[in-house]
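Same order as they appear, the protein sequences are chains A and B. Take the first sequence: its letter number 39 is residue 53 in our numbering, and every next letter is one higher. Take the second sequence: its letter number 17 is residue 31 in our numbering, and every next letter is one higher.
One copy or any two copies: either way a pair holds, since identical chains are not told apart in the list.
DSS-like, lysine-lysine: derived pairs with alpha carbons at most 25 Å apart:
| # | residue 1 | residue 2 |
| --- | --- | --- |
| 1 | K51 | K28 |
| 2 | K251 | K232 |
| 3 | K356 | K367 |
| 4 | K249 | K315 |
Since the hints were derived computationally from the structure, they do not count as laboratory data. Bear in mind that the values here come from a model prediction, so they are computed numbers and not experimental data.
There are 2 protein chains.
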Amino acid sequence: MNSLTEWLEETLLKLNLTDEMDYTHGFTRLSYTKEEKQAHHVFQAIAETLGLDVHTDQAGNLWATWLVNENTPTIAVGSHLDTVSSGGGYDGVAGVLTGLAAIKRLKDQHYEPQKNITILCFASEESARFGVSTIGSKAISGLLAKDEVASVKDAEGISIQEAVESFGLSWDKMDQAEVNTNRLESFLELHIEQGTQIEEHGAQIGIVRGVACPIRLKVTAFGMANHTGTTPMDKRKDAFASIAPLITFVEEQAHQLNEAASLPLVATVSTGHIVPNVMNVIPGEVELGIDIRSVDDQLKKELAQRIQQYCKEIESKRNIRVTVQTLVDNDSVFLDNSIRNKLSEIAANLNMKSLNMDSGAGHDVMNMAHKWPSGLLFIPCQDGISHHPREYASLEDLVTGTKVIAEYLRQESGGKL
Amino acid sequence: MNSLTEWLEETLLKLNLTDEMDYTHGFTRLSYTKEEKQAHHVFQAIAETLGLDVHTDQAGNLWATWLVNENTPTIAVGSHLDTVSSGGGYDGVAGVLTGLAAIKRLKDQHYEPQKNITILCFASEESARFGVSTIGSKAISGLLAKDEVASVKDAEGISIQEAVESFGLSWDKMDQAEVNTNRLESFLELHIEQGTQIEEHGAQIGIVRGVACPIRLKVTAFGMANHTGTTPMDKRKDAFASIAPLITFVEEQAHQLNEAASLPLVATVSTGHIVPNVMNVIPGEVELGIDIRSVDDQLKKELAQRIQQYCKEIESKRNIRVTVQTLVDNDSVFLDNSIRNKLSEIAANLNMKSLNMDSGAGHDVMNMAHKWPSGLLFIPCQDGISHHPREYASLEDLVTGTKVIAEYLRQESGGKL
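From just these sequences and the hints, can you work out the full model?
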């Protein structure tokens with residue numbers, strides 16, 4: 015085992031706050047919790063060992079900078095360290111880790127950059143806790159709708175504002191995390207693919223063109239709660255039985271739209287809340303959360319419209335009220351052509367096969383791309399499994415990613431070996 | 015307003031710990047909570063005002079007795095004071111209230127009984143907190159499977175054992191609440207109908223023949239959690255989409271069985287738990303709770319079998335694992351013919367129209383009936399709405415119930431006016 019591989023393995027464990035990657039229940043470092051904070055402390059310690067200057071901004075993002083000169087441009091790479099509940103140890107971590115490893119590699123090679131290089135560790139990327147994603151990178155990019163989200167609460171009733179403040183930040187000053195356009199020259203994120211396309215194409219890395227941002231709907235069916243034993247079948251307004259066919263409909267329609275379309279679409283009824291959810295009461299209210307994604311924004315809108323229409327049919331057929339609320343409707347983001355071309359060239363020069371592809375998942379880079387030329391690099395993850403304890407990327411793939419980032423940073427920062 | 019009506023109205027409010035019956039969020043006095051305990055304290059105070067001897071047994075049931083002589087038989091009536099979450103103020107309360115009111119009526123008439131009369135206030139009738147119902151009456155009847163339920167937990171992770179102990183009882187001594195057969199002569203419960211049959215038949219009271227006890231199933235679908243954005247439609251094992259057709263199936267089959275059967279059947283998918291239940295993760299596991307009831311036990315079993323079969327079809331069609339667990343399978347309980355006849359006669363003598371009927375809901379009486387000749391009397395509740403803030407029974411109907419119980423107690427206790 016060479017020293018880069020060893021360093022990657024050791025640092026992977028450290029960033030995951032563990033000495034063993036294989037856990038039945040995976041890793042849980044939700045947004046703005048003490049677990050995310052702990053991982054940030056570890057990141058800071060590692061970055062400082064590499065000789066980087068580390069500071070935390072007003073949104074809790076960490077900036078670890080190889081500082082050449084305050085007046086030269088800065089090249090940034092990075093990702094995040096928070097996870098979903100019982101998630102894997104690579105989603106986010108892989109990007110932060112390979113960024114740090116690329117710095118180590120360049121330093122080991124006695125490289126001297128001409129521009130500043132920053133490894134960004136974004137705060138609170140996952141929507142698992144609050145239903146709001148990429149909070150840290152939104153703050154940096156000036157996209158955070160602070161007033162809209164302040165009172166959004168987690169399952170325990172803690173608001174984002176409260177969580178941010180107990181993370182040691184000031185809610186009032188969170189806007190100040192926004193960074194002027196001229197402070198960064200570009201941004202590159204590395205992430206695990208969370209799919210199987212790279213592997214299926216026999217490639218080692220994926221170079222992303224478009225990021226499929228979601229339409230998210232909240233569908234609520236209002237029936238009438240009543241006793242399960244005493245309410246005859248023909249006198250019910252069962253919210254669950256009424257809305258259940260929608261779950262099947264969403265899946266069927268997604269398949270149908272995929273058959274005709276050139277770009278893929280995915281749609282999922284991913285959440286459900288049944289009220290009151292007790293054995294002897296007919297469900298009086300059911301709320302379903304639907305996540306629709308495609309790089310083709312029209313395709314997403316088409317499905318959202320069909321869902322609206324189907325809910326109207328349920329309303330009149332079952333004589334209950336059904337509401338459809340659009341929680342999120344973000345157009346897809348396309349990444350910088352010039353960075354994509356550079357990454358392709360670097361991969362070719364390193365004798366790696368790369369795949370041009372789209373991303374079905376959102377990442378911090380989609381916010382950064384609103385303001386700076388940005389790129390997104392994928393490394394494979396086993397069987398495409400992600401947001402799950404069995405999420406896995408090989409050390410070999412982490413080495414591959416590190417080499418591409420190191421070479422990219424070398425070329426972009428205009429220094430000499 | 016005569017004094018019985020006034021007393022019923024005042025006491026109804028007291029037992030519900032309120033000064034107003036009409037609340038948007040209804041009443042919440044879950045099993046073995048301080049709210050149930052508060053209602054028990056009120057019951058005790060009222061019973062003592064009526065001159066009854068009150069004691070609490072080892073399961074938390076209250077026995078309020080008009081004591082003639084320790085060696086004479088005891089006639090018992092009663093119900094419970096706990097509620098579901100956001101329930102109504104009549105389910106259980108009506109039975110306790112009319113029992114107390116009947117005593118008041120007899121005492122106001124200077125009646126002198128020859129047998130002891132006990133108003134029983136059973137602890138913890140509703141299954142809303144632990145999924146286990148009629149705990150108090152099971153303990154009295156020797157039907158409580160203490161070891162099986164000790165570790166059953168509520169939504170906050172508190173076990174029945176812990177709840178019982180924080181209610182001021184000893185878990186070890188709970189068995190001692192069992193009562194010898196010879197201590198009681200008979201038991202009568204009054205309850206709101208939780209349906210609309212009495213009203214539809216133009217009657218004032220219902221006299222129950224059979225109590226439809228439930229079969230309860232827990233169906234669990236085990237799919238594979240994965241990222242909603244990166245997992246193509248044809249590579250998913252979505253537990254929610256896989257099992258959703260079962261919700262429709264249960265409703266359809268219940269309708270179908272009703273068409274052919276002489277006794278009605280009801281079936282409800284009343285609970286659902288989606289794991290992990292977050293917007294960007296495909297549901298990896300879904301658990302559905304199904305409640306099936308009919309006085310015809312064969313009909314219940316037929317539907318349970320069809321559900322088993324349908325789950326096998328889902329398993330093979332969707333290539334996921336589906337398990338079906340039987341949580342409860344209780345045969346229906348039939349009430350004492352002699353008590354039914356007495357109640358019919360009393361109603362006729364009081365110029366009330368009574369309806370012979372079955373009960374779709376379980377009640378404490380179904381446990382008592384295993385050991386003692388027992389009866390169940392229904393009063394109407396508006397629109398059949400129950401387990402809901404809009405649950406309502408009129409004072410007139412409470413007066414009706416009180417009169418029947420008073421006359422029943424008079425006849426059974428063999429005293430003189």
